[in-house]
Structure formats: structure tokens, C-alpha cells
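> Protein sequences, first through last, are from chains A and B.
Just so we're aligned, residue 1 is where the first sequence starts under this note's numbering, counting upward by one.
Just so we're aligned, residue 1 is where the second sequence starts under this note's numbering, counting upward by one.
Just so you know, the hints here were simulated from the structure itself, not pulled from any lab data.
Be aware that one or more of the hints could be misleading.
To be verified - Derived pair list, reagent style BS3-like, types lysine-lysine, alpha-carbon separation capped at 30 Å: (1) B/K246 - A/K239; (2) A/K418 - A/K407; (3) A/K239 - A/K114; (4) A/K258 - B/K267; (5) A/K88 - B/K246; (6) A/K98 - B/K9; (7) A/K289 - B/K173; (8) B/K145 - A/K289; (9) A/K225 - B/K4; (10) A/K114 - B/K4; (11) A/K98 - A/K37; (12) B/K9 - A/K258; (13) A/K36 - B/K9; (14) A/K361 - B/K278; (15) A/K98 - B/K267; (16) B/K9 - A/K239; (17) B/K264 - A/K114; (18) A/K88 - A/K158; (19) A/K327 - B/K264; (20) B/K277 - A/K88; (21) A/K114 - B/K9; (22) B/K277 - A/K289; (23) A/K289 - B/K278; (24) B/K264 - A/K407; (25) A/K361 - B/K20; (26) B/K198 - B/K173; (27) B/K20 - B/K145.
Claimed, not checked - Restraint ranges, calculated between C-beta atoms of paired labels, are given here: (28) B/E212 - A/E300: 54 to 60 Å; (29) A/H90 - B/R125: 32 to 38 Å; (30) B/A177 - A/V121: 48 to 54 Å; (31) A/D105 - B/A79: 20 to 26 Å; (32) A/R119 - B/E69: 17 to 23 Å; (33) A/K392 - B/G262: 28 to 34 Å.
For every residue, glycine included, the Cβ atom is placed at its ideal position computed from N, Cα and C.
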Amino acid sequence: MKKLTGIDIYKLLPKTNCGDCRFPTCMAFAMQVAAKKVALEQCPHASAEAKAALGEAQAPPMRTVRIGTGEKELVLGGETVLFHHEEKFHHPTGLAVKVQAGLSDEELDRRVEKINGLRFVRVGQEIGVDLVAVEHQAQGSDGNRYAAAVERVKGRTKLPLVLLCPDPKALAPALEAVAEGRSLIWAATPENWEEMSALAAKYKVPLAVRAPTLEGLVELVERVKGKGVEDLVLDPGGKGLLENLTRLVLIRRLALEKTFRPLGYPTMVFTNSNSPMEEAAEATAYICKYGSLVVLNRAESWQLLPLLTVRQNIYTDPQVPNAIEPKLYEVGAPNEESPVLVTTNFALTYFTVEGEVENSKVPAYIAVVNTEGLGVLNAYADDKFTAERIIKAVKEYGAMEKVRHKKLIIPGLVAVLKMEIQEETGWEVIVGPEDAAGIPAFLRNEWSPN
Amino acid sequence: MEVKIPEVKQSWPNPINTVKIGATKEEGGTRTSTVTVGGETTLPFYHFEGAIPHPPVVAMEVWDIPGEEWPEAVKEPFAEVMHDPGEWARKCVEEYGAELICLRLKGCDPNGANKSPKEAAQAARRVLESVGVPLIIWGCGNDEKDNEVFPLVAEAVAGENCLLGTITEDNYKTLTALCTAYKHKLIAESPVDINIAKQVNILALDAGFRLEDIVIFPSTGALGYGLEYIYSIMERTRIAGLKGDKVMAMPILCDIGIEVWGVKEAKAEVPEWGDPKKRGPLWEATTAYVYLLAGADILIMRHPEAVRATKAVIRQLMGERGGEGR
């Protein structure tokens, strides 16, 4: 795909230098459009022809595709970088879990219920499975079983669906049954692409495209686009971990570095190991390296929690310390007998402390000092967690007015600050545990307001 | 339809340093096997554009005192052998396929068992005599004590080409001099900070140490505990090294086990998180997987199941058939 230059764009403009775009000349405007700093729409006189010609060249290098509707809608793609030290990643990898259409109704219900329940809270964020993938089984099921199973699943989950059904005849009634849900359908292949494209166009749903080679994928994407289907998701179709990883890297590089339009779409990939430990490795690799959607076989909570955590970590912007608002937090229903603990506003530190205070079942106040998102030791080393700052915050929050004692618990890692705070304020400073894990025992056994 | 896909293979000008650990009889030591890491000419497992001559390796962790504080799940496989670092190491190698042993001199900690330098040296000898794989020896973390312990330890394992650590920005002179004198390799530690990582390497270089004999340790965080920052620093380090920054072109070490087995996701009984017996090893393995993709060359681990799975995954990522089994 040739990138349009300022001159190419200039030729498509009215060349009137009218200034309505707020640039002095059409040429100046064209240069800005070429640099992707402004959109062509800013010229009110641009012809439809110019817009069409520019539309494709102006589009972001990787398309954004939406699956489902409403609050559980999942947004895939739209990524702009290869490494998250360049800029953050935008849309976390969607995780789908498979259920088989051939299961009995009871078993299907049980599995869907289980998938719905795979939600956890980590670092103040709810994390969970995003989609249910209903798998068509060609053998041993009658023609309407697939549609019936899809409808049944839809009735039992708010999550969007992936319809894993490359048989257009079985897929059509299923799509009819869940017409409003904007399910992702999988997949157009070199054999069925015409019918699959027609279904995607008719029901306005995103379509996965799968071919055994990258060249085959490019060819297929062009064909499907020719049928007017634009919301595509690419299945690299590799055999196993290494081949899929390689193709995901190539697709991402082609899309972003070469603006290679046929591969400028989000991706989806399946795990295929029978071992839970190896399935986790596949999913981890695809989350780290450019999978937009991963379809898993298993749904035990001990398997999902680490994967959801990998996703949460990888999609956290490491350039921005994860900070929370510095203020006085209450855990449980603290009263004037309750302890006051001090910590930093690095989210991970705070939520770890909060979790352990909760575990202790001792209601407490947590005074969060603004350390600009740094954890205890880093903040201390950087003079952002000093006696002065702690005193200022605790006074500002009026924390000591809420309790009848004058005791302040500081993290064990900054025990050295004890004397300074004590001398400065007259409060009794108690050195807490070095590790948050020690908080429950500490609060239960050592804390006393007297 | 003819399909033309643009070329996106990159060629990186500078290979990562190759570091060999261990010495066989012919090389002046007593090891029956040695380990070589590094030498990559591209990003992790990008076989399509460069060479990855040496797969990442898994070292298993052994202490000079019983790991009383280890959580039950990871203590249980070693319960019979924890009283003896030699037996402990042998079990790691013979039963669980450890490619190296990391002897952590935890017992030397003055706030703990406070073992003597002589006892530390004996523990190191004991491990050497019990197994044929190369050795990593890790101090107790108390600078002053480590500087008393390492002179005897480094001498006791002279000729074995061990990997000793760690040196930091504030404490590098003693260990660097010892590694030069006794020809060991060195672990340079930095606290999640790429500039300090560079600085520690420069300090070692200025002290006369070869950059080619350094492995960097950018700190390790367990999955869910700051891992994203280290992941990013490892990626940046590796890219800088491949692009030609000689003080960043080192193999990278991750100290996985000690971090993972400290977090509650690996050990706590929380019914909605599922079976902790399975969750713990998976938490350790998954942490290892993430670091492999960021460029880890040496992983120090604890649980036999996590080690087995990680080794199998490394074989897959290196393009070898048959993931399962040893």
C-alpha cells in the first residue's frame, strides 16, 4: 500500500485556499493531512471522490473491531505500537472459553454458568472471561442442534458470543436466533468464504478469516473485503505455539510498520495443548505477543486467574506509574478505636495493604500519601515518602481527629522515619510489618488503641 | 491472484553476549555438563529473522539451610532432602532435570542462622560434589556479610566457572575482584531501572571485569506484582543490546521462585481461586513464560511441576517437537 504524500492529497483538494480548514493554503492543509495531524473532514469542501481516495490511506494501520453489544461489548485491535515502552497498548486481549454445541442442555448450562462466574477483583479492577465460544460439531448432531445450543447459551450469559461454525448451513439459523448480539463468526476459509461473507454482510457481524498460510490469508481477506465485509479478525491458522507466535509477530509488524492493509486487523488464535500448564503457555505467549483474542479450551478458576493477571499486567502502561488518589481510605467501618495505617499511592502497594487489612477483619483507616505512584522503597529513596510528607498528609486528612488514640502505623520498610515523625508531632509511631502479608497477624495480635 | 507480502524481517547489528557457565575436567573443573546462554541475534524466539543458538535454561534453587519458610506446596517435594544441600541439589538434577543449581546462601544472613563463611564454602563444595551441573551461588543479601562470605566461597569453587551474585551499584568491588581472581562469571543486579542496570555494568567494567562475563538481573516481580515494569525493562534492554549498546548486550537472569512463592496467589487457600496445589505451580510457570517472552536466558525456579512445564515450553519455543515429557 502506497502512502499518500502531501502532493497526492493536494491534488484531490479544491485548491481554492479558502481557509475554511483554518490553514492558510490547501497545500499547508494537505501536508498536515499527510502527517496524520488533522483529518480530511476538516476541509468542508472536499469532494466525495477525494474522501474515498483518502479514506483508506487515512485509516489507522490496524482496524478496531467490536464484538457484542451493550456493557459487555468487547473492542479488539486498534493497536499502534509493537512494544509498550513506545506507547501503551489499547485494547486488552479478549479471552474466550469454548463450549461444545453437542453437550446436553444441562451440561451446557453448567459450563456457561461456570464461565459467567470466572470473574475476580485484582488491584481494584474486575477481571474476567470476555466471551463464550460455541463450537459446532459436525458429527453426531442434527441440523438444528447448533442453532438451538447457540440460542440456549445466549439466554444464559451476558457475554458476547463467538460462533465457531465454518458450516454456513448450520451457522445461518444460529445467526438468525441471536441476530441482535453482534457475535463474531468463525471462520471464512478458502472453501466457504463466499457464503460466510454473505452471512456476515446480512447479519452485520464481524467475521474471522482463516487460511493455512499468510499468503493465503492475504488473498482471502482481499476476497472477503470485495464482498463488502470490513470488520474482520485474522486467524493466523498456525500449527502450535511457535508457528502462531511467529505469524502474530509478522502480522503486527506488517500492519504497523508497512501499513499493509490486508493484515491491518485484530487477530484471534486458539490454544491446542491438552496439558493445562502448556495451554497457559500458549495463551500467555499470545497475550504478550499480539493476540487480540484467545480462545481457550479450559475454564478452571486456577487456570484463568493467572491468565487474566498476565493480561492485566501486559496491558498496564509501564510508562505511567499506576497511582490511586491520595486520601484517607476506610476499610470496614472504622471508629475512634481503629488503627491508622500509612502507605503510598502506588496502586499495587495500596491494594495489597487494603486486601490484607480486610483479611485481618480489623476495621481501619489507611492514609495514602501522594508518592507520585511510587512504592514504599522507591518513594523513600526518591524523597517522596518522607516524615514531612507523611505528617502533612495525615494532618490534611484529619486522620488523628477521627480516632481517640494518637497512634500511627508506618510500613516496616521505613522504620527509620519513626523518631522524626514522633518528635515532630507527638504521635506514637508504631512500626508495622515489612511485608503486607504480616498485617493480619499484626493488627490482630499487636494492635491496641490503649 | 499473486500475493506479495512486504519484507519485515529485521537484522540486528549486535549479537547478545555468549556466556558459558561451568567447567569440565578438560577445562579445569569437575562439571560433567556446562551451560551456555546468550548469543541471540534477534528478539526472543524470532527464529524467522535471526539465530537463537542457545535455549534459555532452568536452574533450581537450593539453600544452605532447610527452607523452613518455603510454603508447604513447594517444600513438600524436598522435605526429605532439605537438611543437606548436596542431597537437595541431587534431587533437583536427577529427578527434576535442573540444568543448573542455584545455591542461595540464605543461612549466612546475620538476622537468621548467621552461618560462617567457612560453612558457606562447605555447602558450596557439598553441592559441587553431589551434582555434575554448573553452579550459581547467590549471597544472603546482607552486603557486609556477603563480602565476608564470598572470599572463601569463590576460592572453594575456583576453577568451576560458577556464576556468582549479586553485585549492585553500592556493593560491587569485593565480588567483582573475586570473580576476576578465580575466573567466575558475575550477576549484575539493578532495581527495576535500566539506567542503573547500565551503570552497574560500567562499574564492573571500570573495575577491570569483562562485560562478556556478566549476566544481568533486572530484578524479578511475580506475576501480578510489578511484572509489567520488569517485562518492559527487559524488552528495552534486549533491544538496546541488539542494536549495539555493548553495556546492555548481556544475557538476562530472572529469579522466579523466590518471588512467586511469596505471593498469596501462589499459596493461599481461596476457594474462588481454585485448587491451590495446581494454582501455585501454574503461577510460577506462567511468571516464567512471561519472562521468557521478554528475553530471559536463565530462570531460577522451585516447583518441580513448574520446572517441567517451563522446560517443555522452551523446547516448543525453540522449535523442537514434542512438548510434553522431559
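> Provide an ascending list of the numbers of those earlier hints which the structure does not satisfy.
1, 4, 6, 7, 8, 10, 11, 20, 21, 25, 28, 29, 31, 32
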